[in-house]
Amino acid sequence: MSKDNLNSFNGSNDYVASEELMRAVNIAVALEKPLLIKGEPGTGKTMLAQSVAKALGKKLVIWNIKSTTKAQDGLYVYDVVQRLYDGQFGNAGVDDVAKYVKLGKLGEAFSDDEQVILLIDEIDKADIEFPNDLLWELDRMEFYIPETGETIKAKQRPIVIITSNAEKELPDAFLRRCIFHYIEFPNEELMREIVKVHFPDIDENVLAQVTAAFYYVRSLKEIQKKPSTSEIIDWIQALTLSGIPAERITKEIPFAGVILKKNEDIDALERAKARSLFPFK
Amino acid sequence: MFDSFLYLLRSKGLKVSMTEWMTLNEALDKGMTHASFSEFYYLCRSVLVKSESEFDKFDGAFLEFFKDINFLEDIPEELMNWLNKPQETPGNYDEEIARQNLKLGYERIEQMLRERIAEQDSEHNGGKYWVGTGGMSVFGNSGKGPNGIRVGGESQHKRAFRVAGERHFKDFSEDKVLDTRQMQIALRTLRQYSTKTDAPKTELNIDETIEETGNNAGRLSLVYDRPRKNTVKVVVMMDSGGSMDYYRKLCSQLFTALRKSNHFKDLKFYYFHNSIYERLYTDGECIPGRWVDTNLVLNTLSSDYKLIIVGDAAMAPYELMGGGYYNYGKTSGIDWFRKVKGHFSHCIWLNPGEMQYVYGNYWRQTLGILQEEFDMYPLTVNGLEAALKKLMVNR
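Note that the protein sequences, when read in sequence, are chains L and Z. Just add 2 to the spot in the first sequence (first one is 1) and you have my numbering. Just add 27 to the spot in the second sequence (first one is 1) and you have my numbering.
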């Protein structure tokens with residue numbers, strides 16, 4: 003228990019975590035299960051691991067998953083072709099198989115002397131069977147290298163954080179072993195806090211107007227690509243630089259091009275502004 | 028102690044396993060809820076539920092099991108029961124009331140709803156004051172008023188701007204409209220692997236390498252194989268314009284998902300307006316001139332392409348049974364549909380719109396006819412999965 007109390011996450015200076023999210027992190031740490039995080043793009047899934055690492059003062063090992071990544075790549079790679087070539091000319095050290103075995107990110111996290119945080123980023127990018135191939139390794143925190151007859155076992159059980167871009171079908175067997183958290187898009191209140199982290203001196207009135215207009219735009223059904231956190235930050239930058247008075251922000255929604263990236267969406271906003279139900283008339 | 032909660036969850040269709048249940052118990056033993064009810068709720072949810080699309084089911088079950096704890100602003104249950112079986116009351120649309128109601132703001136309507144719930148003690152359908160169904164008042168469901176709060180029921184006339192008492196994660200429920208990612212996942216089922224492709228040889232074949240090296244008197248000779256590749260080819264014919272405008276966003280999501288799914292050997296898009304005739308358009312604008320002959324398409328595409336038709340199957344009956352705007356009564360729309368369907372060995376229809384036939388609805392007459400011709404599926408998570416499974420097997 004004492005260890006659990008030590009490893010407690012409360013959000014860090016540059017990352018605003020919702021209460022639910024902090025709860026999920028602490029549950030995962032205490033139960034020694036991987037934490038699976040899903041959410042819309044731009045809700046700060048990757049940032050979370052960095053801030054957990056910072057808050058707990060631990061090293062962060064990041065394994066970025068690509069569409070070609072295989073589970074094996076995370077454990078170790080045995081460079082057989084190199085060995086064959088070396089063997090042909092009788093180079094020194096060919097007998098030593100270990101020389102041709104290189105640990106992957108998972109292996110690296112296991113063999114670290116201190117407890118690390120392992121971020122498996124965007125696990126849904128890989129092939130559909132990928133998570134299943136890691137079940138045993140994440141459960142037992144060990145794997146076996148047949149080439150060297152060696153078993154790599156975690157010296158300190160790493161804290162595993164896995165992110166996924168709101169994909170539905172990770173395999174059930176994999177999901178059963180995880181603690182799950184869905185990062186909702188921040189509500190207005192939380193968004194105000196997030197904005198304040200980036201703009202500590204922002205005028206309260208401007209902030210209220212900006213978030214009201216922003217959430218109105220997000221609420222429009224016709225909008226195809228909903229703006230996310232990074233867009234509201236850019237927008238506030240544009241608005242403050244141009245010095246537009248606060249009361250015009252909701253009425254006109256200026257610089258809509260900063261938050262909406264598609265022509266169709268900008269047209270849809272114009273249509274919405276002309277409607278009798280437009281709330282800021 | 029509260030094992031019946033596990034069975035309630037399972038009976039609601041949540042696949043909670045023993046592993047997860049034991050994990051929850053372990054967490055409770057460790058005292059991780061700190062004796063707080065909301066901590067307990069979040070703990071249960073993050074351990075037992077693994078998809079945001081199931082949060083709503085979980086919320087429902089949780090509320091049912093721990094119902095004595097007041098959780099949400101509640102609509103009285105009897106009221107909810109009447110409202111969940113709407114009655115159509117044709118011909119009571121009132122222009123004047125619609126205009127008046129439009130002037131009411133959110134807050135005013137919410138305040139009125141609170142007052143009505145306090146007053147109302149019986150069922151009302153087709154009226155314009157009480158909470159009821161099929162009426163002109165600003166509350167209730169299946170109504171004809173242009174705005175208001177929906178209370179219970181299903182959105183039929185797509186107007187209520189806020190739904191009272193609705194659980195927060197309802198939008199994520201499985202059978203709701205899907206996003207591109209979910210579609211892509213579903214599209215991954217369209218796979219058939221083969222090594223008979225023209226991809227570069229990148230996989231080391233150990234056995235052959237040993238063999239070859241032996242034959243080469245011990246000088247290393249590496250042998251590579253082609254990786255297995257998907258051989259599925261897909262052709263999509265999409266209805267565009269007119270009644271399909273309502274589903275434009277959904278269809279463009281499907282389009283994006285298909286484009287992003289780079290695992291197909293070939294992918295072709297064609298468009299038609301309402302019904303297929305002798306020409307197919309090459310872009311979604313359906314501008315006359317930017318088209319190809321349907322027969323030419325059928326001749327160039329081999330029959331092993333898998334055909335996906337996307338459309339709401341809603342059109343004027345003469346468009347399907349006769350010719351269209353540019354087709355002066357030679358071959359009827361339905362015959363073209365049959366011809367296209369006959370050419371390809373695998374074919375399904377995805378419908379983004381309503382698939383229920385409503386008696387007397389002019390635009391839905393054609394739906395029934397096409398439903399008999401094609402395997403038609405709704406464009407939802409479950410619908411798409413079922414459709415693609417069907418597309419992989421022989422008919």
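Incorrect hints may appear among the rest.
Stated by the list, open to error - The calculated label-pair distances, taken between Cβ atoms and stated as ranges, are: (1) L:196 with Z:29: 45 to 53 Å; (2) L:64 with Z:326: 50 to 58 Å; (3) L:198 with Z:44: 26 to 34 Å; (4) Z:250 with L:265: 49 to 57 Å; (5) L:196 with Z:287: 24 to 32 Å; (6) L:173 with Z:381: 30 to 38 Å; (7) Z:29 with L:280: 32 to 40 Å; (8) L:282 with Z:381: 27 to 35 Å; (9) L:113 with Z:287: 21 to 29 Å; (10) L:269 with Z:396: 54 to 62 Å.
As the list claims (entries may be wrong) - Anything over 10 Å on all C-beta distances counts as not near chain L; from chain Z, calculated: (11) 54; (12) 76; (13) 78; (14) 82; (15) 246; (16) 270; (17) 380.
Since the hints were derived computationally from the structure, they do not count as laboratory data. Glycine residues also receive a C-beta, built at the ideal position from the N, C-alpha and C atoms.
Evaluation of the provided hints:
1. L:196 with Z:29: 45 to 53 Å: violated (37 Å)
2. L:64 with Z:326: 50 to 58 Å: holds (52 Å)
3. L:198 with Z:44: 26 to 34 Å: violated (42 Å)
4. Z:250 with L:265: 49 to 57 Å: holds (52 Å)
5. L:196 with Z:287: 24 to 32 Å: The hinted range 24 to 32 Å holds for residue 196 of chain L and residue 287 of chain Z, with Cβ atoms some 29 Å apart.
6. L:173 with Z:381: 30 to 38 Å: holds (34 Å)
7. Z:29 with L:280: 32 to 40 Å: With Cβ atoms ~49 Å apart, the hint is violated.
8. L:282 with Z:381: 27 to 35 Å: holds (34 Å)
9. L:113 with Z:287: 21 to 29 Å: violated (37 Å)
10. L:269 with Z:396: 54 to 62 Å: violated (36 Å)
11. 54: Non-interface label fails for residue 54 of chain Z: nearest chain L Cβ at 6 Å, not farther than 10 Å.
12. 76: violated (6 Å)
13. 78: violated (6 Å)
14. 82: With a cut-off of 10 Å, residue 82 of chain Z comes too close to chain L, as the shortest Cβ separation is near 7 Å.
15. 246: With a cut-off of 10 Å, residue 246 of chain Z comes too close to chain L, as the shortest Cβ separation is near 7 Å.
16. 270: holds (17 Å)
17. 380: About 16 Å separates residue 380 of chain Z from the closest Cβ of chain L, which puts it past 10 Å; holds.
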